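2 protein chains.
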Amino acid sequence: MRKIDVFTHIFPAQYVERMQQVAPGLKDAGKRVRGVPMLVDLDVRFRVMDTFEGYQQILSIATPPIEAYASPADASDLAKRANDGMADLVRRYPDRFPGFIASLPMNHPEAALAELHRSIRTLGARGIQIFTNVCGKPIVSPEFLPLFEAMAGHDLPIFLHPYRGAGTADYSTEDRSHYEIWWTFGWPYETSVAMARIVFEGLFDRFPTLKIITHHMGAMAPYFEGRLGPGWDQLGARTSDEDLSLVLKRLKRRPIDYFRMFYGDTALFGAYDATVCGLKFFGVDHVVFASDAPFDPEKGPMYIRETIGIIDRLPITEGERERIYWGNAAQLLKLPVDSAHQAA
Amino acid sequence: MRKIDVFTHIFPAQYVERMQQVAPGLKDAGKRVRGVPMLVDLDVRFRVMDTFEGYQQILSIATPPIEAYASPADASDLAKRANDGMADLVRRYPDRFPGFIASLPMNHPEAALAELHRSIRTLGARGIQIFTNVCGKPIVSPEFLPLFEAMAGHDLPIFLHPYRGAGTADYSTEDRSHYEIWWTFGWPYETSVAMARIVFEGLFDRFPTLKIITHHMGAMAPYFEGRLGPGWDQLGARTSDEDLSLVLKRLKRRPIDYFRMFYGDTALFGAYDATVCGLKFFGVDHVVFASDAPFDPEKGPMYIRETIGIIDRLPITEGERERIYWGNAAQLLKLPVDSAHQAA
Numbered sequence: 001m002r003k004i005d006v007f008t009h010i011f012p013a014q015y016v017e018r019m020q021q022v023a024p025g026l027k028d029a030g031k032r033v034r035g036v037p038m039l040v041d042l043d044v045r046f047r048v049m050d051t052f053e054g055y056q057q058i059l060s061i062a063t064p065p066i067e068a069y070a071s072p073a074d075a076s077d078l079a080k081r082a083n084d085g086m087a088d089l090v091r092r093y094p095d096r097f098p099g100f101i102a103s104l105p106m107n108h109p110e111a112a113l114a115e116l117h118r119s120i121r122t123l124g125a126r127g128i129q130i131f132t133n134v135c136g137k138p139i140v141s142p143e144f145l146p147l148f149e150a151m152a153g154h155d156l157p158i159f160l161h162p163y164r165g166a167g168t169a170d171y172s173t174e175d176r177s178h179y180e181i182w183w184t185f186g187w188p189y190e191t192s193v194a195m196a197r198i199v200f201e202g203l204f205d206r207f208p209t210l211k212i213i214t215h216h217m218g219a220m221a222p223y224f225e226g227r228l229g230p231g232w233d234q235l236g237a238r239t240s241d242e243d244l245s246l247v248l249k250r251l252k253r254r255p256i257d258y259f260r261m262f263y264g265d266t267a268l269f270g271a272y273d274a275t276v277c278g279l280k281f282f283g284v285d286h287v288v289f290a291s292d293a294p295f296d297p298e299k300g301p302m303y304i305r306e307t308i309g310i311i312d313r314l315p316i317t318e319g320e321r322e323r324i325y326w327g328n329a330a331q332l333l334k335l336p337v338d339s340a341h342q343a344a
Numbered sequence: 001m002r003k004i005d006v007f008t009h010i011f012p013a014q015y016v017e018r019m020q021q022v023a024p025g026l027k028d029a030g031k032r033v034r035g036v037p038m039l040v041d042l043d044v045r046f047r048v049m050d051t052f053e054g055y056q057q058i059l060s061i062a063t064p065p066i067e068a069y070a071s072p073a074d075a076s077d078l079a080k081r082a083n084d085g086m087a088d089l090v091r092r093y094p095d096r097f098p099g100f101i102a103s104l105p106m107n108h109p110e111a112a113l114a115e116l117h118r119s120i121r122t123l124g125a126r127g128i129q130i131f132t133n134v135c136g137k138p139i140v141s142p143e144f145l146p147l148f149e150a151m152a153g154h155d156l157p158i159f160l161h162p163y164r165g166a167g168t169a170d171y172s173t174e175d176r177s178h179y180e181i182w183w184t185f186g187w188p189y190e191t192s193v194a195m196a197r198i199v200f201e202g203l204f205d206r207f208p209t210l211k212i213i214t215h216h217m218g219a220m221a222p223y224f225e226g227r228l229g230p231g232w233d234q235l236g237a238r239t240s241d242e243d244l245s246l247v248l249k250r251l252k253r254r255p256i257d258y259f260r261m262f263y264g265d266t267a268l269f270g271a272y273d274a275t276v277c278g279l280k281f282f283g284v285d286h287v288v289f290a291s292d293a294p295f296d297p298e299k300g301p302m303y304i305r306e307t308i309g310i311i312d313r314l315p316i317t318e319g320e321r322e323r324i325y326w327g328n329a330a331q332l333l334k335l336p337v338d339s340a341h342q343a344a
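As they're listed, the protein sequences go chains A and B.
The first sequence begins at 1 in the working numbering and counts up by one.
The second sequence begins at 1 in the working numbering and counts up by one.
Derived by calculation from the structure, the hints in this document are not laboratory data.
None of these values were measured; they are calculated from a predicted model.
Warning: the hint list may mix true and false statements.
Stated by the list, open to error - Derived pair list, reagent style DMTMM-like, types lysine to aspartate or glutamate, alpha-carbon separation capped at 20 Å:
#1 B:211 x B:155
#2 B:31 x A:242
#3 B:280 x A:306
#4 A:334 x A:77
#5 A:31 x B:241
#6 B:31 x A:149
#7 B:334 x B:17
#8 B:31 x A:241
#9 A:299 x B:95
#10 B:31 x A:43
#11 A:252 x A:273
#12 A:249 x A:233
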């Protein structure tokens, strides 16, 4: 069966070279470039990919977000290099890479909007990747709203990737050194906060065609369904200094109903029961296959293999499995049907 | 079938009176006292309890934590009033309340330790309630370790309740006004951070009889099993400034194995699929029934009813259901078997 892995990360050569010039002190990224060959080495990537039947990847840049380490001018240049590099890979290896999702220089919102349109119209990007905050600013700050509007206009998805430091809650050095809690729990928390802001700012009401794919199966939303549902139905009950119940009146639906409008990917690193829980929350039409390769203990194959193992044994019909593996992605990303047939 | 609801909150009269004297500006708590009659009114509580067959409650104080609003001296007095008040209710209504868990003045660690022993030895407390941080300090700070040691010595459980502001990550006013995200996602995040600190500080190795019941079914641990497992097996791969892989060598087990040593309660506010996911993570022996009453949209009965509805349809044996409803709790809290027979 065809399998489109929609969230898998890469550093194209012309991007990583410039990244290391712009930010030679970016030690963590450097450690990953050295430690995870599949990030930069195409031969390694192809060998891993070849072990899985019908397996294709949608490419996106690995963290850190460009705006987290580069000036606005450098970020604009880096985003172009990232997108040109990924577009080139898609052109050269269409059977392996049916598409890519663009990176944007988010610390330069005008340039980000221009690069969004260029990536989609000229390079054929099938979506954009944004992070859960922009240098600590909430993703729903006014300067970023044109990006949501533009993606709703293109009717192509936004991929929401976690990154530390959402809104006001920053991770200090101390927290960071505390056993990478910032990664294990902080990232899903940040994703959840970004989702909440998108919901409560009414972006789904404002842009009805908006489609957002949340990395790691909706972060905290599915497991904390009870907090989103009856919990948030009581919005305001826990606050005295302002009447937050007005927020509920402003929205057209219950908060939880908006959370189900997001899409979730299956990148849960081998967690079967969580995958079942997430699938029940979003429904088969709102779940897409992704592995987050190559960031696993084997540096590439493990999360792909484990995630396929999970999807293969989900108690669903073959038609539903097909939608999760590639049907939903092909529709969301508007991938050519020919390519689907070739790989199937 | 007997049902022991192990996490349900109350404000005994002598406690709430003094709380409002000590902190008249405690508006949120005041709003709840006024808005949720079951917190303070025994008749209301009994009417709700009477609608559920075989239903009993273990009592604990509602948030805020005492140390969050009272000076060390006031906190010591308030904890005594809370515990005396709950012990009195247990004495007067043993069939309704088979036990209570003590509150401690955590901003006065010596007094907290003394109150811990007094509550258990003199008042018959069946555990203690601590919050996920103490005025922003991590719960594993050295001054709190005697409490863990003492509870391991008594072989009685610590109930871990979320509260905002763990360790270094504080919630600012801005975040707080952001739609109560601090409650919906912040609380489970804080619980998860506290669990991680308990794990990585090696408390389960140091105190082998330590038993900790996490409110809300292990917070983020079950859904993010993949991050705890293969994710944290790579501890250090994301950090350059120190070698965090040494932490793994210091521990006797994989990080995820320690997370399964916690207990989870079923207070997930009506989320069936999450309950299944949490139960799979912890196993039947490490899950206990709790509703978090009375904080639901109906101010008491709803979460009890919904949680019972979920446990009743879990795909487990009747014997397993019995363990979740009361068997595990009776064993953990060392409740008299007679009382079990009376109510069964």
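The hints, checked one at a time:
Distance hint between residue 211 of chain B and residue 155 of chain B is fulfilled; the C-alpha atoms sit about 8 Å from each other, no more than 20 Å. Restraint check for residue 31 of chain B and residue 242 of chain A: satisfied, since their Cα atoms lie roughly 12 Å apart, inside the 20 Å limit. Restraint check for residue 280 of chain B and residue 306 of chain A: satisfied, since their Cα atoms lie roughly 18 Å apart, inside the 20 Å limit. Of the supplied pair hints, the one linking residue 334 of chain A and residue 77 of chain A is violated, its CA atoms being roughly 27 Å apart against a limit of 20 Å.
Of the supplied pair hints, the one linking residue 31 of chain A and residue 241 of chain B holds, its CA atoms being roughly 11 Å apart against a limit of 20 Å. Restraint check for residue 31 of chain B and residue 149 of chain A: not satisfied, since their Cα atoms lie roughly 40 Å apart, outside the 20 Å limit. Between the alpha carbons of residue 334 of chain B and residue 17 of chain B the distance comes to roughly 31 Å, so the proposed pair goes past 20 Å and is violated. For the hint pairing residue 31 of chain B with residue 241 of chain A, the CA-to-CA distance comes to about 11 Å; that is within 20 Å, so the pair holds.
Proposed proximity of residue 299 of chain A and residue 95 of chain B is contradicted: the alpha carbons are some 57 Å apart, above 20 Å. Of the pairs offered as hints, the one joining residue 31 of chain B and residue 43 of chain A is violated, with about 63 Å between alpha carbons and a cut-off of 20 Å exceeded. For the hint linking residue 252 of chain A to residue 273 of chain A, the alpha-carbon distance of about 32 Å lies beyond 20 Å, and the restraint is violated. With a C-alpha separation of about 11 Å, the suggested pairing of residue 249 of chain A with residue 233 of chain A holds against the 20 Å cut-off.
The structure fails to meet hints 4, 6, 7, 9, 10, 11 from the earlier list, while all remaining hints are met.
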